[in-house]
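With these hints in hand, go ahead and build the complete structure from the sequences.
For what it's worth, our numbering labels the leading residue of the sequence shown as 546, then goes sequentially.
Mixed in with the good hints, there may be bad ones.
Stated by the list, open to error - Derived DSSO-like pairs (lysine-lysine); straight-line CA-CA distance at most 30 Å: (1) K897 - K947; (2) K854 - K897; (3) K1012 - K1040.
Hints in this document: simulated from the structure, not taken from any laboratory. Quantities reported herein were computed from a predicted structural model and do not represent experimental measurements.
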Amino acid sequence: MNVSANWLNKYTGIRLDIDELADKIGAQLGAVDDIIDTGSRYKGAVIAKVISAEKHPNADKLSLCLIDDGGAVKDADRNEQGYIQVVCGAPNVAAGQTVVWLPPGAVVPSTFDKDPFVLEARELRGKVSNGMIASAKELAVGDDHTGIVVIEEDVKPGTSFIEAFELDDYIIDIENKMFTHRPDLFGILGVAREVAGITGTAFKSPDWYREDLSIPSDGRKNVLPLSVKNEVPELVPRFMAVALKDVKVAPSHFKLQTYLARVGIRPINNIVDATNFIMHLTGQPVHAYDYDKLGTGILGVRLSKKGEKLTVIGGKEIILDEGAAVITDGQKPVGLGGVMGGAGTEVDADTKNIILECAAFDMNLTRKTSMVYGLFTDAATRFTKGQSPRQNGAVMGRLIQKVQKRAGGRIASELVDLKNGKKLEHTVSTDTGFINTRLGLSLTAEKIAALLSNVEFTVDADGESLKVTPPFWRTDIEIPEDIVEEVGRLYGYDKLPVILPRRDLSPALKNPAIAFKSRLRAILKQAGANEVLTYSFVHENLLKKAGQDPKNAYHIRNALSPNLQYYRLSLTPSLLEKVQPDIKAGFDEFGLFEIGKAHGRSEMEDGLPKQFERLALVLASKSKGQGAAYFWAQNYVQYIGKKLNLVLRFEPLENTQFPIKEHLLFEQMLAVYDLKRAALVYAGDKLAGVVGEFRPETKTALKLPAFCAGAELFLSTMQNSPDMTYQPLHRFPELEQDFTLRSSAELSYQELAGFMAENIARLSVPHGYGFSIRPLDIFQKADDKKHKQTTWRIILWHPERTLTTQETNKLLDEVASKAKQELKAERV
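Shown next, in the form of structure tokens:
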């Protein structure tokens, strides 16, 4: 938003040094991106009068002029009468004109920001030209380079161009995003009001800026028939239009052109310039249509239809889709509502009759339309902030006055004002305690009322209670917190007390769930596994490759990506998808784990999807060729159980039935595994998860190596384990012996391992022995399919003395005897 300091002063009367003003705005209103010194561009430019303009003796298209600068420029080369010779190439130069002269030594203003061009006295076709008479383009006021600027105002020759047109100005460039919720600040009037407020001065809006303003009439209406239709009142809450007859289109007076140019608006003609002036003054975009080009006398607003075409101002043709607000002539679109007018009804030099329109468009629809068609106009910028429909009457009244003053014409139709009937006025109730508590202040009700009244809020104070009614142009004030923000800004955030808040130095309570997950991560990292983090969303194809049914998963309609369509039913498929890429990257053997959540459509809680926290583990190797990958995964799970002080047991799964039917989500988790080579994991009598190798179809689909297994465990079952991370070192040496049983091949490893643990504990505990058992090997001879040999490493110790070999042998002999008796297994 470009703000002219001179334009501000016209409404505030506040005279601050430009740096002080910019600091105030930056601290209490919005970030200042830049300060542009307008006057420096025009140093040396002087108002002069053309005394004579004769044809150049040596050039057909040049004129030899004598100008009178009132003696203002010192050291200028003058003739006996004190006039200065200038060669001019403009076809419109003539004696008697008041012009802008750029003397030698002055910089051409249009080159000021680029490569400054400094004028000098030089010969043109044998005649010396002392500087130049400037065009609008050379003065950086407009684009016209076909002729010089002719000043219609009564300005004395020798007057500084800067002084004559109030160009001793600064443009303050304020960052637009700071005003996203403040549509009123996209107009000079709104910024002036806020500058008054933050400097502690009461602001009074001009008399014409009133909600209840009546539009003036000259009594000659219905000369130009005008019918207005609003088919979308919810999206266009107010739509005003009026026709004017016999306007005279011409360039605007030059001072207005300079004011528009300095804030970045290109002057066009007196009608268009009036609409742009009103927009920059009030923040409300308005538009003028050529009545005769419209043809029908009908102005409508509706939603666009797919395939309709519209050529906008500037000549760009757009093919409309459905859903944009379009202005129509009753049938076809003639403008893109809230964004840009159409080229077909544009006001030009031949225009005699016009329609003025002032409307309010839905901010979200305008933003969408602007983005879809790539049209980022000043109007769209303002409408996307949510302009107040309540100001349209005042704006329309002022626009009619400006047009009639500069272009003549008379009101030739009824003023049509279509409203959707919604009540927009409201009052916010709060109190001084609510405001002061949040700002750390102790302001009285009177002080708060004064701050708000300075920017034209109405405040009704009853003791400490406040009823605040925002003015009609403020659409952002809805709740008490908005009043807090307003008071803090107007009072000055730099005045708020700098006091550190009281802080409780007691340690935060430990979160058991977070602590358990950290503990679990540490255990798995110690075991050599690597943690990964994958999306909770997966592609449908991954679910199918894992043997899971996508119908059981939540389908995300507005997915972040086509590859992230479904909530995952379990964590394991997400890890399996990472195995092949890691192998291709050169990792032959590795373990991956993830702690995350799974969801299923069958599981709901209080009307919301239930979340199941899981630990998934996948182990893969290209090099291991002997044994079963299942035992590798089981060993990891046993290690986790040991570190968590859990006694885990494993029950084999059979292909014929699911032993767990509690919920469908568990079945989907099991679907990843080969049920003949998997087992359920129990912690005591509670189900803790599953461990095993994966289905052949899944291995093939995801290109997994043959030696691959994994597990998925329930955090809810495991996280109540005691956190016993300290274990004293043995004071006396341990004794190790390997123990091998030759048993029937029909006995499962679980049965053998359970027997060993039970009997070693039975024989050790009475004597005070400590022990541990670790599986080493399972071996079966090629020519003996009825028997197998299972080997464990038994470690025994005593906390108070050194064990002897005889004690150890005696204990293991008793275990061997018991095995022969109960399992018909022999010690080898």
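Each hint tested on the structure:
no., hint, result
1, K897 - K947, "16 Å, holds"
2, K854 - K897, "27 Å, holds"
3, K1012 - K1040, "25 Å, holds"
Violated hints: none; the structure is consistent with every hint.
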